[in-house]
Amino acid sequence: MTKRIKLHSYKLWPARRHLRLSGRRLICALLCLIASTAAQGSDELREALQRSDEIRSSSPGQFSAMLRKLELRRTDMSAAEQDYLSYLLAYEHSFNGRLEKARSIYQELVQSSAVLEIRFRALTSLVNTNAIKREWSQGAENLRQTLQLLPQIKDDGFYVHGLAVAAVFYNLLGQYQQGLHFATRLREKGHNDGRSLCFADQLSLQALFGLKRIEATDRAFAQALNICREANEPVGASAILSYQAELYINEGKPQQALELLLHQLPQMESTRYAPMIASYYSLLAEAYWRTDEPELAKEFAIQAVAGGAEAGKGDPSIRAFRVLYQYYRQSGDLDAALDAYIQYSEADKAFLDEIRAKTLAFQLAEHQSVEQKNRIALLDEQNKLLKVKQQLAETESHNHKLLIAALFCVITLLLTWGYQSWKTQKRLRELAEFDCLTGIFSRGHFTQVGLSALEYCKLQQLPVSCIMLDLDNFKRINDTKGHKTGDWALREVARIARNLCNGKEILGRIGGEEFCLLMPETRIDKAIAFAEILRELLEQADTSDSGHSFTLTASFGVSEAAISGYQLETLLADTDKAMYQAKKNGRNQVCSAADIP
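FYI, in mature numbering (1 follows the signal peptide of the UniProt record, and there is no 0) the residues of the sequence shown are -41 to -1, 1 to 556.
Calculated from the structure, these hints are not laboratory results. Cβ atoms here follow ideal geometry from the backbone N, Cα and C, with glycine treated the same way. Please note: incorrect hints may appear among the correct ones.
Claimed, not checked - Calculated pairs, BS3-like style, for lysine-lysine (alpha carbon to alpha carbon, straight line, at most 27 Å): (1) Lys308 to Lys113; (2) Lys485 to Lys440; (3) Lys542 to Lys443; (4) Lys257 to Lys443; (5) Lys212 to Lys171; (6) Lys148 to Lys113; (7) Lys440 to Lys543; (8) Lys308 to Lys434; (9) Lys443 to Lys308; (10) Lys417 to Lys382; (11) Lys212 to Lys148; (12) Lys543 to Lys434; (13) Lys92 to Lys212; (14) Lys308 to Lys417; (15) Lys360 to Lys440.
Said to hold, decoys possible - Restraint ranges, calculated between C-beta atoms of paired labels, are given here: (16) Ala24 to Ser63: 19 to 29 Å; (17) Gln384 to Arg32: 55 to 65 Å; (18) Glu189 to Leu344: 28 to 38 Å; (19) Ile555 to Gly462: 50 to 60 Å; (20) Trp381 to Glu414: 21 to 31 Å; (21) Glu67 to Ala352: 48 to 58 Å; (22) Trp381 to Thr439: 17 to 27 Å.
Build the full structure now, drawing on both the sequences and the hints.
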């Protein structure tokens, strides 16, 4: 569940001002008067900016009102104060869900000559924006830059801010163990600040929720909630209650979840924090559905979908579409139910794709971090070599030993980097070996594995059978029921075939609607029986989950090495002929290559 946390308040260090004074007393007096007036105005503006910063998440309405007044006085501000105001305006956009406007301002501040603290805060806000927009690779890069700047930050408030951003991003990335690590550091560093303690506990609970190491009745929820309420942080308190409510729903206690959510809802809505509001609406929709109040469930689900469009689709939209699908299906509105189910399926698939994207982004960031460390270490070793060369006159024997040690370190570092790179490439290669739609072997990988299996069986003189199947009237399914239904049919065939296999078979998708099984140590009679079972299972498959009712059938061809030999190309060709003979014979049947003259 995506949750964005607003963090610590800070003070902007103003730039020093210098006044040039002439020798005349009158001019000096006038300049002093002007300088005094300007200094008073600058101090007033600086205090107003700092006050706005302090209440930005605890009193959003007052914060916005103060910004409107400050905008009218922008021309009276110094460059540093204008940068400060720009950051607060970007924060307001982000808080209200206008992420693209916020991102543009943040990027300008990061690339500008603003003071370190403003650039640091803009960078951390970009990390939050990347997380909300699910831009994991960019977020990982921005977080890397943030953690690089962190040691330069002397102010405890800014330092705590960086720790919190790291905890937030790692939690959203699904790396909850690391998120818990930074949340723990945040609690240790910000022990004197109620707001920091609130967000540290909130992030810790989010990580424990993700790690499935906490229950809804855990006392940690009440303790964290009290801290957030004492610190006047409604966003943090609302996030904590959302975790507890979702746990109650997952534990089959929707009524307890409703009580929590409804009690907090007015305060949550008053924050105008779009992502959290969408999350609350979706949880309320789920809880009302489970307590048999479908109309209320529908109302909150529609509001959650609308909120998801503003804040970025995620878990709230998935949950809301699922409730809408269940509602429309129960009420008999099949068109609306189908539309909701399609959107739910797309969101659910996007969720799985996002998990892979997060994993890849994390691995890439780790790889880049290791590579950078290796480059730094390599530069250090090169510096050592330069020093060794300067000491050659002292003792040749000593220099030889230092050179050997340095070269050994360099080689070790290069080998380490090469090994890490090899592991990453291996992982990417594995991802390419499976068909992205069905999850079984792709044609290329099936061919590679099949050749190895046939070679082994040939050497050991073991029987090998091959089954090829082609879905009947698949084009008609695509044309009449849509490509999404066709994709569902392909996934269903793969699922049924995979469940029927005992582990020795090699299953792959070799064409659009064509699948192939290579069965080592299996004679053709058993392969035919296997194909008949698979054919019956396909014919009996329940297709209602696709949103349509139709019969799923396929034509099967079977051959074995005793007929076709141990060459994969010949074996597949004979099996293919048998399959097309089955189609000619009327489809939905099994044909053996032995029966073809």
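Hint-by-hint comparison with the structure:
Only pairs whose Cα atoms come within 27 Å are accepted, and Lys308 paired with Lys113 is rejected, the gap being roughly 44 Å. With a CA separation close to 35 Å, the supplied pair Lys485 and Lys440 exceeds the 27 Å bound. Among the hinted pairs, Lys542 with Lys443 is consistent with the structure: their alpha-carbon atoms are about 25 Å apart, no more than 27 Å. At roughly 25 Å between alpha-carbon atoms, Lys257 and Lys443 fall within 27 Å of each other, so this suggested pair holds.
Only pairs whose Cα atoms come within 27 Å are accepted, and Lys212 paired with Lys171 is accepted, the gap being roughly 17 Å. Between Lys148 and Lys113 the alpha-carbon distance is near 13 Å, which keeps this suggested pair within the 27 Å criterion. A threshold of 27 Å between alpha carbons decides the hint, and for Lys440 with Lys543 the separation of about 25 Å falls inside it, so the pair holds. At most 27 Å may separate the alpha-carbon atoms for a hinted pair to count; Lys308 and Lys434 meet this at roughly 23 Å.
For the given pair, Lys443 sits about 12 Å from Lys308 by alpha-carbon distance, which is consistent with the 27 Å threshold. This hinted pair does not check out: Lys417 and Lys382 have alpha carbons roughly 33 Å apart, beyond 27 Å. About 37 Å separates the Cα atoms of Lys212 and Lys148, which puts this hinted pair outside 27 Å; it is violated. Restraint check for Lys543 and Lys434: satisfied, since their Cα atoms lie roughly 17 Å apart, inside the 27 Å limit.
At roughly 32 Å between alpha-carbon atoms, Lys92 and Lys212 are farther apart than 27 Å, so this suggested pair is violated. For the given pair, Lys308 sits about 42 Å from Lys417 by alpha-carbon distance, which is inconsistent with the 27 Å threshold. For the suggested pair Lys360 and Lys440, the alpha carbons sit about 75 Å apart, so the restraint of at most 27 Å is broken. The hinted range of 19 to 29 Å is satisfied by Ala24 and Ser63, whose Cβ atoms lie roughly 23 Å apart.
The hint said 55 to 65 Å for the Cβ distance between Gln384 and Arg32, and at roughly 57 Å that hint holds. Between Glu189 and Leu344 the CB atoms are about 58 Å apart, so this pair departs from the stated range of 28 to 38 Å. Taken as a hint, the range 50 to 60 Å is violated for the pair Ile555 and Gly462, whose Cβ atoms sit roughly 30 Å apart. For Trp381 and Glu414, the Cβ-Cβ distance of about 26 Å falls inside the hinted range of 21 to 31 Å, so the restraint holds.
Hint check: Glu67 to Ala352, Cβ distance near 55 Å, so the stated range 48 to 58 Å holds. The supplied range of 17 to 27 Å is broken by Trp381 and Thr439, whose beta-carbon atoms lie about 48 Å from each other.
The structure is inconsistent with the numbered hints 1, 2, 10, 11, 13, 14, 15, 18, 19 and 22, although it conforms to all the rest.
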